[in-house]
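Engineer: Sequence:
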Amino acid sequence: MPASLTTTFTHRLLRGVAASLLVLALAGCSTTKDRMTTGSVPKLTKPVEEMDATELRSATDRLGQAYEKNPRDPITGVSYANLLRMNGRDAQALAVMQQVAISNPADRNVLAAYGKAQAAAGQFQQALDTIGRAQTPDRPDWKLISAEGAILDQMGRASDARQRYRDALDIQPNEPSILSNLGMSYVLTGDLRTAETYLRSAAGQPTADSRVRQNLALVVGLQGRFPEAEQIARRELSPQQADANVAYLRGMLSQQNSWQKLAAKDKTPGAADASNTN
1 MPASLTTTFT HRLLRGVAAS LLVLALAGCS TTKDRMTTGS VPKLTKPVEE MDATELRSAT
61 DRLGQAYEKN PRDPITGVSY ANLLRMNGRD AQALAVMQQV AISNPADRNV LAAYGKAQAA
121 AGQFQQALDT IGRAQTPDRP DWKLISAEGA ILDQMGRASD ARQRYRDALD IQPNEPSILS
181 NLGMSYVLTG DLRTAETYLR SAAGQPTADS RVRQNLALVV GLQGRFPEAE QIARRELSPQ
241 QADANVAYLR GMLSQQNSWQ KLAAKDKTPG AADASNTN
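In full-length UniProt numbering, the protein residues as written are 1 to 278.
Some clues are possibly wrong.
Ranges of calculated distance between the beta carbons of each label pair, as one might list FRET restraints [unchecked claim]:
| no. | residue 1 | residue 2 | range |
| --- | --- | --- | --- |
| 1 | R193 | A91 | 35 to 41 angstroms |
| 2 | S103 | R139 | 38 to 44 angstroms |
| 3 | A95 | Q231 | 18 to 24 angstroms |
| 4 | P173 | A106 | 45 to 51 angstroms |
| 5 | P71 | R133 | 34 to 40 angstroms |
| 6 | P227 | T54 | 27 to 33 angstroms |
| 7 | D167 | Q98 | 24 to 30 angstroms |
| 8 | P140 | Q205 | 18 to 24 angstroms |
Rather than coming from a laboratory, the hints here were simulated on the basis of the structure. Since the model is a prediction, treat every value here as computed from it, not as a measurement. Quick reminder that beta carbons are idealized off the backbone N, C-alpha and C, glycines included.
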């Protein structure tokens, strides 16, 4: 793929897929769902992935109140920052994690969440440094390695990113979040056929969640198979959530000229190899 087309495509699509990469990369490092089970942190009535906008705002407000009472508590701070990001309040989430990290400089979960907040705010090199401090060389964490890959992808370092995903898969074979991130990495460079292969493998794993399937729906839709993409996007979701996801999917596919050019390039012999070049 010519550099000019790759650059144009990457800039237009990056915002849409970056969130998917980061969410899946660090899912489990210190997520709200996993961490909201102890202490005085308010418990959620349902997983955050299943909440609508009103429920997310309500949960964020309740956690904000708990955070104000004890801003040094790592569980509260990490959970609050996660919800802030899900509400699009990246700058506030970063500020929260800066304070929590100052109070808990050696907490691995805090460092991972701080790196996640830095990446969401566009501070990619700082995020890599922070996540590197959270890693333990003798017991490497595949979630952190995959997170590094997601950040490298956003920095335009696709080859380095994919190597990190493969390193993570060596530790955690067939992990759907890693396979999904690897697939989305190929989306960023326009190799949709390879992307779909990895995403179908990810979606076929028993532990795959709806976020993996939404990524698959996006890639199928980018190749012009929107009825199939909509069918995938509607699986295992409430009608309201499915409608919202389909609307988002349609929005991502609205720049038809760019997608058609990309699809044409993807069918050109050698395009897949060219897309792997940084």
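Engineer: Are the hints correct? Go through all of them and say.
Structural biologist: Results of checking the hints against the structure:
no. : hint                               : result
1   : R193 with A91: 35 to 41 angstroms  : holds, 38 angstroms
2   : S103 with R139: 38 to 44 angstroms : violated, 24 angstroms
3   : A95 with Q231: 18 to 24 angstroms  : violated, 41 angstroms
4   : P173 with A106: 45 to 51 angstroms : violated, 30 angstroms
5   : P71 with R133: 34 to 40 angstroms  : violated, 21 angstroms
6   : P227 with T54: 27 to 33 angstroms  : holds, 30 angstroms
7   : D167 with Q98: 24 to 30 angstroms  : holds, 29 angstroms
8   : P140 with Q205: 18 to 24 angstroms : holds, 21 angstroms
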